[in-house]
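Enquirer: Following the hints, put chains H, B and G in place on chain X, whose structure we already have.
Chains X, H, B and G, in that order, are what the protein sequence lines are. Position in the first sequence (from 1) plus 3 gives the number in our numbering. Position in the second sequence (from 1) plus 3 gives the number in our numbering. Position in the third sequence (from 1) plus 3 gives the number in our numbering. Position in the fourth sequence (from 1) plus 3 gives the number in our numbering.
A couple of the hints might just be wrong.
25 Å max Cα-Cα, derived SDA-like pairs, lysine to any residue [as the list claims (entries may be wrong)]:
no.	chain 1	residue 1	chain 2	residue 2
1	H	K94	X	S112
2	B	K94	H	A82
3	H	K128	H	D37
4	G	K128	X	V24
5	H	K128	B	P97
6	G	K94	X	A82
7	B	K34	B	L49
8	G	K128	X	G98
9	G	K128	G	V31
10	G	K94	B	K34
These are calculated hints, taken from the structure and not from any lab test.
Protein chains: 4
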Amino acid sequence: MELKMTEAELKAFLARDFPQVAQDFEFVELKPFDITMALSAADKHLRPGGTVSGPSMFALADVCAYFAVLSMLGPVALAVTTNISMDFMRKPAPGRLLCRMELLKLGRSLAVTEGRLFSEKVPDKPVARASLTYSIPPDAPISVG
Amino acid sequence: MELKMTEAELKAFLARDFPQVAQDFEFVELKPFDITMALSAADKHLRPGGTVSGPSMFALADVCAYFAVLSMLGPVALAVTTNISMDFMRKPAPGRLLCRMELLKLGRSLAVTEGRLFSEKVPDKPVARASLTYSIPPDAPISVG
Amino acid sequence: MELKMTEAELKAFLARDFPQVAQDFEFVELKPFDITMALSAADKHLRPGGTVSGPSMFALADVCAYFAVLSMLGPVALAVTTNISMDFMRKPAPGRLLCRMELLKLGRSLAVTEGRLFSEKVPDKPVARASLTYSIPPDAPISVG
Amino acid sequence: MELKMTEAELKAFLARDFPQVAQDFEFVELKPFDITMALSAADKHLRPGGTVSGPSMFALADVCAYFAVLSMLGPVALAVTTNISMDFMRKPAPGRLLCRMELLKLGRSLAVTEGRLFSEKVPDKPVARASLTYSIPPDAPISVG
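Isolated chain X, as found in the complex (with noise of 0.2 Å):
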């Protein structure tokens, strides 16, 4: 099953549909099934001592997984999260904000997301892994079981 979706398409997307974010977020790789953002982190995203704090680790993954749908089922549908489950393992280093999430399931009603958000420079030791649920509205175009 192939992209439904090009990195230009979503970005026009999200700038069209998120203004509020759009520039927070950038691709780092997009694959079926398989997306890599990063969080471009702003003052906005720290806590004091320079901390990504948690509502912007639960925006990245959210925006990730999001995207991760979006990419394999195409611009008409109206995804929404309905379930999210993250836990937070380790304090950011300095440096960018990875996550990589996978598409595990796309099916007719619900898509099924996991992932885990990493520092740039330590891959290994992940930040936080997380765990998104989307519910798809019954006039999506496709599913694939």
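Expert: Leaving out everything else, chains H, B and G in the frame of chain X:
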């Protein structure tokens, strides 16, 4: 078991340690093991259409649960969020978004909270549910099993 | 909104569709959107020392939540568990282990439940909390938003 | 960091401390921070139609994650499950049900694991995903941050 911190002390703690977000939250009710807070929704918390964003709901749940722990533990502790699970169930209605959190367990090394987010005008139709776990450092003053 | 199934109908459903475990659970209270069940702990549910095992607690939470959904949806639906999140907080005390589940949302395609497991003699010190999501098939008869 | 327990030692531990379920699980592969086990599905694990039951999947994930922790911590520790999050995505295919768990963090007081359950014949279509947290008692011998 009684509250270890007053509302004024919690507010001062928030203003000092989380200056960037302190003005985003307000206290509604503070009781032992049971706290209700509200999000003072500003433009930065909203998605197009006026819906409160997922990261803002996460932030409200996290601050509310954190204060449920801190209010019973006292200000010396440096508790950190280790796990969150949230289900998003309905779109928030216009008006204030509230979160009520119960502290279900305050152990030596872990605290567990559970609660619901709801629109002030529709308290019986929760917008989301959330459960959060906090790790309590070994030198924290107390525990109540 | 009223119950779509009586306790007797739920019991018959359990005996027919889950004959291997039907005798493990009993009803304590059945109200709309709110159900309490008990585990009839037998040797097979216990760990050395007499503690109820994790899988048995999972089973109790799942059956109780499933019946919270089914009792409001009616017997025709084939709801399946899609997500569970549990926090284990205390060892069960001797005696019956109960689970009270609330049905927080009964939507067209998803139902969300939340509840607590507790020893009958110590209801204010929950043994565990659990939230479960069920996927409802498209041909299910109703929905209540 | 090397394994602190061999497969034989883990098997002996399982047989001694969990005699009722020891015969239900078998080792497939044991590596540092990465373990694969299988459920020896018997009638008691099956639902009508031959599907592995939810509690049996929970049990497989819990034992596998527990041994991921124990194999790196050594047999003295008394780790207890404090949190589980599972997403159920597909029906198991006939044949063996496997679970591969990674140990993402082994800290002083918490260990975090994440993994997937899958049918042996269809490894790329996971049946479920699971993440589990274990609380490690203060007197456990080691930690690796």
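Enquirer: Check the structure against each numbered hint from earlier and tell me which ones fail, lowest number first.
Expert: 4, 5, 7, 8, 10
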